[in-house]
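Enquirer: In case you want the letters, here they are:
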Amino acid sequence: MIYIIKRIFSMFIILAILSIALFALLTAMPGNPLDMLITSNPNIKPEDIARLKKLRGLNQPWYVQYGRWLWGFAQPAYAPVVINIPIQNKNTRINLSDFIYDPNFIPTQQELALWLDLVWPRWQESLEAARLQAYIHDRKSNALLLVLADHDPVMHREFKNLIRKESFKNLELTALFGGHIFGDFLEINSEEAYFVIRNSYGQQKVGYVTTKDSLRKNILHPINTQISENIGEKFEFNINKFINNNYNQNLYFELLENSPGILSADGIYQHTFTHNGQSAISFLVRDQHQHEQRLAFDIEHGVVAHHEKFNYGFIFFFAGKRDALGFSETYQRPVYDLLFGPEIICGDGRIDPGESCDIGQEPRHNCTSNCFLKTQSILSKINTSIGGFIYRSGRIGNTIQLMLPALILSLFVAIPLGILSAYRHSSVLDYIINFFAFVGISLPVFWFGIMIIYLFAERWLLFPAGGIQTPGISHAGAQYILWDRLQYAILPTLVLSIFYIGRWLRYMRASMLEVLPQDYIRTARAKGLSEKSVVLKHGFRNALIPVVTILAISVPSLFGGALLTETVFSWPGIGRLQYEAVMNNDYYVALVVFLISAVLVIIGNLIADIIYVMIDPRMRKL
Amino acid sequence: MIVIWRRFKHHRLGVIALFVLSILVLLALFASIIQSFLGVSHNEARLININMQPSWPHLLGTNELGQDIFTRLIYGGRISLSVAFLAALSSAIVGTFIGLVAGYYGGFIDALLMRFTDAMLCVPVLPLMIVFAALDLGALAEGNLASVTKLIVIIVFFGWMSVARLARASVLQLKNLEFVAAARSLGASDIRIMMSHILPNALAPIIVAATLEVGTNILYEAALSFLGLGIQPPASSWGTMLNNAVDYVKTSPSLAFWPGFFILITVSCFNFLGDGMRDALDPHQVLKNVK
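Protein sequence lines correspond, in order, to chains X and S. Mapping of the first sequence onto the numbering used here: position 304 corresponds to residue 505, and the numbering continues sequentially without gaps. Mapping of the second sequence onto the numbering used here: position 55 corresponds to residue 315, and the numbering continues sequentially without gaps.
In isolation and in its complexed conformation, chain X is listed as follows (with noise of 0.2 Å):
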């Protein structure tokens, strides 16, 4: 126990001078965080860029970062609290075509083309001409679709119509309970509503919508400032302030009922808070074409006192105040959120898993490096079901999600041929099984990936060839997901596990080398013990001592595969994160990664300590 307690003790010492080190290479890269946003905004000023680099503490030498990243990270706080905004009646239209995700249907290069002609006429003369024109190459439907909403609301609405109308032909709905069908929407008149979708080929699936989920779809963007308000006084704030306004619309503000105060509709709030705590304004946004949207922002006003209950588990208790982590620049998150946190939401309600929206679908709205995406605690309370509790991992459960299967599956193939090739010593049997061990560790594990997705993906159609999931499949429920995530798991999950294989083979036969010339081995042989229980009970226990030091040793270089893999099948993992963090000198999440890693492995050479323990009787004495 004491040895326990000195072994964590120093492994916070090693952590630290880890951090240090790693903060002092980072800082020590050309570029700094915000390259990323001042590359990709070309009207930004030289004194917004140092107003920026002050607000963030660049302009600080590199201790003084430290320092204030190590303060944050020390200040131990709980979850922040969770309001759920009412803003939706139960009787509410929803057109299911926005809810509803064809993976089958990509367009052609040119039904593409024609589209954006038929919505933009003049595309090609837009500065994001070549952008656009990749993603047609690429046929990105998605991708162009949140280009366009960047540029115009309504030419995004449009094209999204053609391209919905063109991949939802003939489709036939039926209600099942909990709303009725009027064309293509759907009434819902209870708190969830099940509906079948039926296509032209027979094929149906069956769809689940609740009035919580419209929720989700109408707080695209959502305001999040931290305003903190005295009590008693009057309370004044702009809204028009929080708004990306890019074409200099004229917007009219109407606030929703169960929103306290007055809204006027050139956008002034005002109220006066006469209690502590934290309040959530929504309000509806239109534009002179009446397009509507619902946004929302919070208040805290007074002493925020109350904090919810803690229930994240202990890992979680460091870093449970969400920006104690730091501020992901690249992203424009919380590195929490990227890492436990659910999704984040793109431009137009869609979820990706842990992964950052492409260029042009950030949500909008003006992070400060307190901002953090508050529906996103929303979603996760609405999602409690299998589905979406995979969903909404984060790039830690991702990672694992892709680990775990690959290693117990390889552990699984790897030791039983392991003991089987040291038993059958010096045959054919063994050769070959050692041959394709040594080729095994061999391999390039990035481009045995190329090849699979060459042969699987391009060649055969079997398997997608990266990501995680669909787009959009989360709206189709719980079963889909598994099943889509299962697909696209299948190939870096195989890739993964063919480089461990040829790792714990080796071990494995040359620990069961060691151990089967042994007296113990002949003197069980001797007593007349079974073939099976020699080999297995005396043979293999002994076996397994150095091949467990080397599991936990090999920690990191599980990482180094996970990281390559993960690059190769864009897998949003912690692998990738890891990279893209270093590539974008995004330094908290490229710190915060590589502590968990450096964490993880402590805690695997510890683990492997205790399982000693189990393994050897021998160990127990000392």
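Some hints could be false.
To be verified - No more than 25 Å apart at the CA atoms, straight line, and that leaves these computed lysine to any residue pairs for SDA-like:
hint, chain 1, residue 1, chain 2, residue 2
1, X, K341, S, P513
2, X, K207, S, A379
3, X, K733, X, P747
4, S, K510, X, W661
5, S, K269, S, L286
6, S, K510, X, A331
7, S, K269, X, K733
8, S, K269, X, V629
9, X, K207, S, R375
Since the hints were derived computationally from the structure, they do not count as laboratory data.
Take the given structure of chain X and dock chain S to it, following the hints.
Expert: Here is chain S on its own, set in the frame of chain X:
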């Protein structure tokens, strides 16, 4: 030497690996002669030749710029192999030095060096390599081969640990033997004892580890170059070729196939060679296997 070779001959895969590796090294050494013999170019873009099928003189076809794939591969092999060799050699030297010092002096120095080694073994290598590769280490070298030098330094920085541990383990065994005591009683200095008495006897595992390291280094080099952080143009290695080929996987998969295949073959051969050398250099292992 002859004894070792005789033992090595028993390891059939090791012999085959040695043969294949010598061919690869010869190809890399005589790349320019082969190129002029074939009359093709590894770096000149010829638009008429874009994406040709394998034929004479383009043995493996041409790439998207009309460059000959086969000669590019052997030129890339020059870079890949030399990076891997030099990095393995340097990390063997660094590791041996650290291991010798730690094992010979023991005590505080040993504890300090070995804790450092353990810490280095624990860090996730590839992500840290990415950080180092992204650093601007312009002071290290200038010119076309700057990226090569940088890469060697990075690989050595993360590659010396296994050698250091092996060297330390052998030194701990050897330093209490009679011949060391004899040398010490004759008044030999610490450096002399380490270099001419202990080191030659500890060399066998170090050589094996260094051989296996060459294979690992090729993989690291390829991975970093594949991520776009390793060898920078105009120099090109197998990893860089793979990086370029990824965009064309749909249309010409062979572009991506060959560099990776060469990496696979080379790394496997180094692993087989290392295995064979372990059997040849470590008599205990052989005896055990025979028994």
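Enquirer: Please go over all the hints and tell whether each is borne out by the structure.
Expert: To see whether the hints hold, each was checked on the structure:
no., hint, verdict
1, X:K341 to S:P513, "holds (23 Å)"
2, X:K207 to S:A379, "holds (16 Å)"
3, X:K733 to X:P747, "holds (21 Å)"
4, S:K510 to X:W661, "holds (12 Å)"
5, S:K269 to S:L286, "holds (21 Å)"
6, S:K510 to X:A331, "holds (21 Å)"
7, S:K269 to X:K733, "violated (35 Å)"
8, S:K269 to X:V629, "holds (18 Å)"
9, X:K207 to S:R375, "holds (15 Å)"
Violation of the numbered hints given earlier is confined to hint 7; every other hint is satisfied by the structure.
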